[in-house]
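First to last, the sequence lines map onto chains A and B.
The opening position of the first sequence corresponds to residue 0 in numbering that gives the first Met the number 0, with each subsequent residue numbered one higher.
The opening position of the second sequence corresponds to residue 0 in numbering that gives the first Met the number 0, with each subsequent residue numbered one higher.
There's no promise every hint is true.
What the hints assert, rightly or not - Pairwise CB distance ranges (calculated):
| id | chain 1 | residue 1 | chain 2 | residue 2 | range |
| --- | --- | --- | --- | --- | --- |
| 1 | A | Leu174 | B | Pro169 | 43 to 51 Å |
| 2 | B | Val119 | A | Arg239 | 48 to 56 Å |
| 3 | A | Glu253 | B | Glu45 | 27 to 35 Å |
Simulated from the structure, these hints should not be mistaken for laboratory data.
No residue lacks a Cβ here, since even glycine has one placed at the ideal position from N, Cα and C.
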Amino acid sequence: MPQAVEIIQKQKNSDQWDEPYLVNMGPQHPATHGVLRLFLELDGETIVRCDPRIGYLHRGVEKLSENLTYSQAMVLTDRLDYIASAANNVGYCLAVEKLMGLEVPRRAQIIRVIVCEMARIASHLLWLATHALDIGAMTVFLYCFRDREWLLDIFEEICGARLTVSYPRIGGVRLDFNQKIIDELYRFTEEFPRRIPEYETLIDVNRIWLKRTKGVGVISGEEAVNLGLTGPSLRGSGVRYDLRRTRPYLIYDELDFEVAVEYEGDVYSRYRVRMKEMREANKIIRQCLDKLAECEGEPVIAEEAPDLLIPFSKPKRPQPAPHPKKGFLVKSVEVPIVPEGEVYFAIEAPKGELGYYIVSDGSGHPWRVRIRAPSFVHISALPALSEGQMVADIIAVIGSVDIVLGECDR
Amino acid sequence: MLVLEKLQEKFPEEIIETGESAGQTYVVVKREKIFEILKFLHESGELLFDHLADLTAVDWLKKKTPRFEVVYNLFSIRYKHFLRVKAQVPEEDPRITSVSSIWKVANWFEREVYDMFGIVFEGHPDLRRLLMPEDWEGFPLRKDYPLSLEPEQEWQGLVELKEKARRLAPFDWYQRVPGERGPSEVNEEAKEG
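Required output: the full structure, derived from the provided sequences and hints.
Quick look at the structure:
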C-alpha cells in the first residue's frame, strides 16, 4: 500500500514529537464490521482527524442493474445489506410497483411487513452481538446468535434461503406462508419478549458498558439531520423521524406500534432505541399474524405481476407457459412493463432510510437505479461523530451507527 | 402546491419545467443558481427542507440535451413534504455549485457523483474519488462506459494483482520443509500422547 509506506516514511523522517500521529485502521480489522478503512490522525490518544476510505466491496450494483431487467435486478438488492436482505427486496419491489402503478394484494402486503420486521430483529440482534463484542462483552454475542439462528431458520422455512432471501417479487411475494411457519412465528413472538431482558440484564447496568457508551459519540438532533443520519441513529438524538410513521407504506398505518426515541444522542441512547425497536417489531409481527388469519386463502401475487420466466413480458398469455426446466434458458423478450417516469421510494430499513431512485425510459430495463444506502451516509458522518474523542471510542462509535459495508459500497 | 408557488415566486427565471411523476412533484431548474435555490428551500421557514434524502445524477446520453441531470431529493421532517429538484448540466462543461455547505451529507454524495459521472462540484471542500481507486480512469456510471473493460484497458492495480497471482501459482503452499513435522504427524503424536 503506497500511502501507508508514505506515512511511515514521513514519520521516520520527522524529528518533532508534537506532530500528529497517523494510524491506519483497517481494512482488515474485526471491529470495522467489514472492509472499512480509517485514516486516523492522533494527538496522543485523541482523534484529531478521521478520514474513512471505502470502496473495497464495490461491485457496481447500480451499473449492473441498468443492464438487467427489473425482475433480475431485484436479486442484486439482496447483496446490499446482507443481514436484512428481505427489507432491501421489499424496498426495491415497492419502488418499481409505485412506478408501474401496481396494486399488491393485501395478504402479500401483510407478509411483506412480517418479513421486514423479522429482518429488523435479525439485524438488530447481529448489531447488538457484534457491538457488545467490540466493547468487550462476549456473552451477549452468544445469546444474540442463538435467537438470530431461530429467525434464520424461519426464513429458511419461508423461502429456502437464510440470508439472501429474494423472497418478495414485483407484484407480491413468491410463496404463501404455510401453517408451520405461522405456528413457528407465533411461538417466536411468544418467546422473544422474554429473551430481550436476558440481554439487558447482561449489559444495561453493567458498569463497564455504561463507561464505554455514555457520553460517547454525542450528536445533537439538528446536526444529525444535517449529517443525514436516519433510522435508530437519528432517533437516538431525539428526532422522531420514522418512515413507517412519517410516510407510511404497506399496512404500517393500520398497525399499533410506538416509534422508539431517546434524547441523549450518545452511543448508549442509540443502543436503547434499538432494544425498544426489537420489542416494537415483535409486537408488529404479532399483529400481522392476526391480520393474516383474516385473509386466509387470498392470492399473494397480483394478477398483472410480470412473469418471471420471461421477465419482460406483461400479463400471463393464454398460450401455455414454457416448460419450467427451460426457465433458465428462456431468453428475455423486451416488453416494457414500466412506463416512463421516475420515483424516489424510501423505506425504513433496519439501519435507516433505504431509498431507491429509479428512472425508467419506458424500455424493459431501468435507465438508472440509484440506491440511497443508510450505511453510506452513516460512514460519511463518522468524522463528525468521532473527532475529539479517544481512539478507543471510535470502536464504540462505529458500532453504534450500525454499518454494513456491502450496502455502503454497493 | 405551496412549495412550487413559493419557488416560482422567488425564482421565476430559473425554473424550466415542473411536473409530477408517480405522485411526486419535481422541478427542473437551470444550474447557475442551484445553490441559491437550495439554500432558499433549506432555510425558508415555511418550506424547511432540512433532510437531503438523496443527491445523485442521471446520464441521458442520446436521449436528452443537456446530457446530465443532477437530482436532489428533498424532504422536510417537520412539514412532511417532498420535492425533487433537477439541475441540468451540459456535457461540454460538467460543473455545478456544491451544496455541501448547506447539508453536510452532500459532501459524500457529491464525491460519489464526481467519481461515477465526472461532474465537478465547485466549492466542494474535498473532491476526490470515493468508491473507485484513486488512479482509475473514466467515469463508470456514464452510459458510454462499457460494462466490462477490454483486457488492455484494465486498471493497473488489477494487472499487477493478476501478474502476482500468475507468478505465485507454481509455488506449492503446502510444500513440506525438510525436517519439519506435517499436520498428519502432529495428529498421530497427539493420539499416542
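Given the hint of 43 to 51 Å, check if Leu174 (chain A) and Pro169 (chain B) actually sit that far apart at their C-beta atoms.
Between Leu174 (chain A) and Pro169 (chain B), where Cβ atoms are some 50 Å apart, the hint holds.
Outcome for the supplied range 27 to 35 Å, where the beta carbon pair is Glu253 (chain A) and Glu45 (chain B)
For Glu253 (chain A) and Glu45 (chain B) the Cβ distance comes to about 32 Å; the hint holds.
Okay, Val119 (chain B) versus Arg239 (chain A) on CB: inside 48 to 56 Å?
38 Å, violated
Hint 2 from the earlier list is the only one contradicted by this structure; the remaining hints agree with it.
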